[in-house]
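*Asks:* Spelled out from the first residue to the last, the chains are:
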Amino acid sequence: MDIKQKLLSIILSLILMGFILVLVKKRKLREEYSLLWLITGITIFCFAASEQLIYFIAHLVKAISPVSVIYLLGIMFLMILCLHFSVTISSLKTKLKELTQQIALLEVSHKEATNKKAD
Amino acid sequence: MKKSDYLIIIPAYNEEKNIGETIKTIQKVVPEAPIVVIDDGSSDHTESVAEAHGALVVSHPINLGDGAARQTGFQYALNNNYDYVINLDADGQHAPQDIPRILEALRKEKHDIIIGSRFLGSRKYTIPFLRRVGMFIFSVIIAITTRQRISDPTSGFRGVNKKAMKFYVKVFYPEYYPDADVIIASHFAGLNIQEIPVDMHQRTYGKSLHSGLSPIYYIFKMCLSIFASISIRRRIHNGY
Numbered sequence: 049m050d051i052k053q054k055l056l057s058i059i060l061s062l063i064l065m066g067f068i069l070v071l072v073k074k075r076k077l078r079e080e081y082s083l084l085w086l087i088t089g090i091t092i093f094c095f096a097a098s099e100q101l102i103y104f105i106a107h108l109v110k111a112i113s114p115v116s117v118i119y120l121l122g123i124m125f126l127m128i129l130c131l132h133f134s135v136t137i138s139s140l141k142t143k144l145k146e147l148t149q150q151i152a153l154l155e156v157s158h159k160e161a162t163n164k165k166a167d
Numbered sequence: 014m015k016k017s018d019y020l021i022i023i024p025a026y027n028e029e030k031n032i033g034e035t036i037k038t039i040q041k042v043v044p045e046a047p048i049v050v051i052d053d054g055s056s057d058h059t060e061s062v063a064e065a066h067g068a069l070v071v072s073h074p075i076n077l078g079d080g081a082a083r084q085t086g087f088q089y090a091l092n093n094n095y096d097y098v099i100n101l102d103a104d105g106q107h108a109p110q111d112i113p114r115i116l117e118a119l120r121k122e123k124h125d126i127i128i129g130s131r132f133l134g135s136r137k138y139t140i141p142f143l144r145r146v147g148m149f150i151f152s153v154i155i156a157i158t159t160r161q162r163i164s165d166p167t168s169g170f171r172g173v174n175k176k177a178m179k180f181y182v183k184v185f186y187p188e189y190y191p192d193a194d195v196i197i198a199s200h201f202a203g204l205n206i207q208e209i210p211v212d213m214h215q216r217t218y219g220k221s222l223h224s225g226l227s228p229i230y231y232i233f234k235m236c237l238s239i240f241a242s243i244s245i246r247r248r249i250h251n252g253y
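Here the protein sequences come in this chain order: A and B. So the first sequence is numbered by the numbering used here: it starts at 49 and just counts up by one. So the second sequence is numbered by the numbering used here: it starts at 14 and just counts up by one.
It is worth saying that the hints were derived from the structure and are not from the lab. Don't take each hint at face value.
What the hints assert, rightly or not - Reference listing, derived: stretches of chain B covered by chain A, where coverage requires no fewer than 3 residues with Cβ under 8 Å from a Cβ of chain A:
hint : stretch
1    : 170-181
2    : 189-198
What the hints assert, rightly or not - Below 30 Å or equal to it, Euclidean Cα-Cα: the simulated DSBU-like pairs (lysine-lysine) are:
hint : chain 1 : residue 1 : chain 2 : residue 2
3    : A       : Lys159    : B       : Lys179
4    : B       : Lys179    : A       : Lys76
5    : B       : Lys16     : A       : Lys159
6    : B       : Lys123    : A       : Lys141
7    : A       : Lys164    : B       : Lys137
8    : A       : Lys143    : B       : Lys123
9    : B       : Lys37     : A       : Lys143
10   : B       : Lys123    : A       : Lys165
11   : B       : Lys37     : B       : Lys175
12   : A       : Lys159    : B       : Lys123
13   : B       : Lys175    : B       : Lys123
14   : A       : Lys164    : B       : Lys179
15   : B       : Lys175    : A       : Lys164
Said to hold, decoys possible - Some residues of chain A that are not near chain B, with every Cβ distance over 12 Å (derived):
hint : residue
16   : Leu69
17   : Ile90
18   : Val135
All values reported here derive from a predicted model rather than from experimental measurement. Ideal Cβ placement from N, Cα and C applies to all residues, glycine included.
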């Protein structure tokens with residue numbers, strides 16, 4: 049890897065981690081969702097700092113080109129992220145259902161109490 | 014609300030054309046029965062039509078699904094200390110003449126859940142092919158897992174007692190299509206299930222839940238839900 053490419057990758061990974069920390073600090077990103085992104089930033093940083101690491105993984109998985117290792121890891125990361133969001137959406141949907149039901153039941157008990165008073 | 018030990022719940026979504034007639038027919042047969050319509054976020058006049066016909070309406074601000082609407086009905090019944098709940102569809106498919114028999118089975122025979130089956134009587138029903146296949150598959154799965162034959166697992170015409178209601182208000186109860194998976198989970202929870210023959214009609218207006226491609230999604234969803242129920246059967250048995 050060229051030194052300029054190395055520097056660019058390191059700077060990009062640092063920007064990504066910095067940006068995530070700012071989002072957490074401003075409460076625009078919750079800590080539990082920042083974890084996966086920070087791991088990504090650290091991974092990019094490690095790959096940029098030591099290209100030997102990419103070659104080592106490529107050798108481990110018997111990849112012809114080290115670039116395909118980067119693509120593989122990228123796709124794996126995106127899949128984990130999608131699954132993570134699906135789990136989060138499922139949990140939110142359950143909470144939304146319970147809230148909606150509670151609102152409906154509270155509204156009807158309020159309506160019944162008002163009708164009783166009127167009688 | 015009228016005083017009674019049982020409550021009739023009718024989940025409804027965009028049923029303004031059917032709901033009035035359904036309520037009227039029920040009132041003719043069981044005038045003493047309190048009726049609660051759970052309006053599942055309808056965009057039409059279901060709520061006002063149901064209220065105009067004398068039913069109490071519990072309104073979901075957004076659409077959640079027929080299972081969630083039934084669950085709200087069970088929670089309402091528990092909050093108001095009803096002993097039994099009869100669930101009917103809003104489209105007028107279920108004949109209210111069968112309500113007294115369902116109640117009798119709940120009260121005297123001490124069953125926890127009564128399912129109204131259209132296939133146990135002498136009348137013949139024409140069911141679309143894909144749905145018939147689905148019903149057969151799930152009847153077989155129910156028979157294997159519960160060692161009990163349920164001829165009409167998709168029937169929404171059901172009566173339940175307080176014990177079953179308490180089980181149904183838990184998180185597991187599915188938002189859509191609470192059919193074979195709920196029967197299997199109920200069995201694991203130790204609830205006593207029985208079928209009785211009932212009469213059913215074709216819906217008057219609108220589309221059924223099982224129209225278009227939804228039977229394919231239904232089979233897929235139901236298989237996963239049954240798998241989930243079977244895999245946590247010990248937890249269900251111990252009170253979930």
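*Asks:* For the pair supplied as a hint, Lys37 (chain B) and Lys143 (chain A), is the alpha-carbon distance within the 30 Å limit?
*Replies:* violated, 35 Å
*Asks:* Confirm or reject the statement that Val135 (chain A) sits farther than 12 Å, beta carbon to beta carbon, from all of chain B.
*Replies:* holds, 15 Å
*Asks:* Three residues minimum, CB to CB under 8 Å: does the stretch 189-198 of chain B make the cut for coverage by chain A? Let me know.
*Replies:* Since 0 is below three, the answer is violated.
*Asks:* Against chain A, does the stretch 170-181 of chain B show at least 3 residues with beta-carbon separation below 8 Å?
*Replies:* Check failed, 0 qualifying residues.
*Asks:* Mind checking the alpha carbons of Lys143 (chain A) and Lys123 (chain B) for me, to see if they're no more than 30 Å apart?
*Replies:* violated, 34 Å
*Asks:* Has the given pair, Lys16 (chain B) with Lys159 (chain A), been kept, meaning a C-alpha gap of at most 30 Å?
*Replies:* holds, 18 Å
*Asks:* Between the alpha carbons of Lys123 (chain B) and Lys141 (chain A), is the straight-line distance 30 Å or under?
*Replies:* Not satisfied, since the Cα-Cα distance of roughly 36 Å exceeds 30 Å.
*Asks:* Taking 30 Å as the top limit, are the C-alpha atoms of Lys159 (chain A) and Lys123 (chain B) close enough?
*Replies:* Violated - the C-alpha atoms of Lys123 (chain B) and Lys159 (chain A) are around 34 Å apart, more than 30 Å.
*Asks:* Is it correct that the beta-carbon of Leu69 (chain A) has no partner in chain B closer than or equal to 12 Å?
*Replies:* holds, 35 Å
*Asks:* Is the hinted pair Lys164 (chain A) and Lys179 (chain B) satisfied, with a Cα-Cα distance of at most 30 Å?
*Replies:* holds, 27 Å
*Asks:* What's the verdict on Lys37 (chain B) and Lys175 (chain B), does the C-alpha distance respect the 30 Å limit or exceed it?
*Replies:* holds, 26 Å
*Asks:* Checking one constraint from the list: CA of Lys175 (chain B) to CA of Lys123 (chain B), max 30 Å. Satisfied?
*Replies:* holds, 11 Å
Hint compliance for this structure: hints 1, 2, 4, 6, 7, 8, 9, 10 and 12 are broken, all remaining hints hold.
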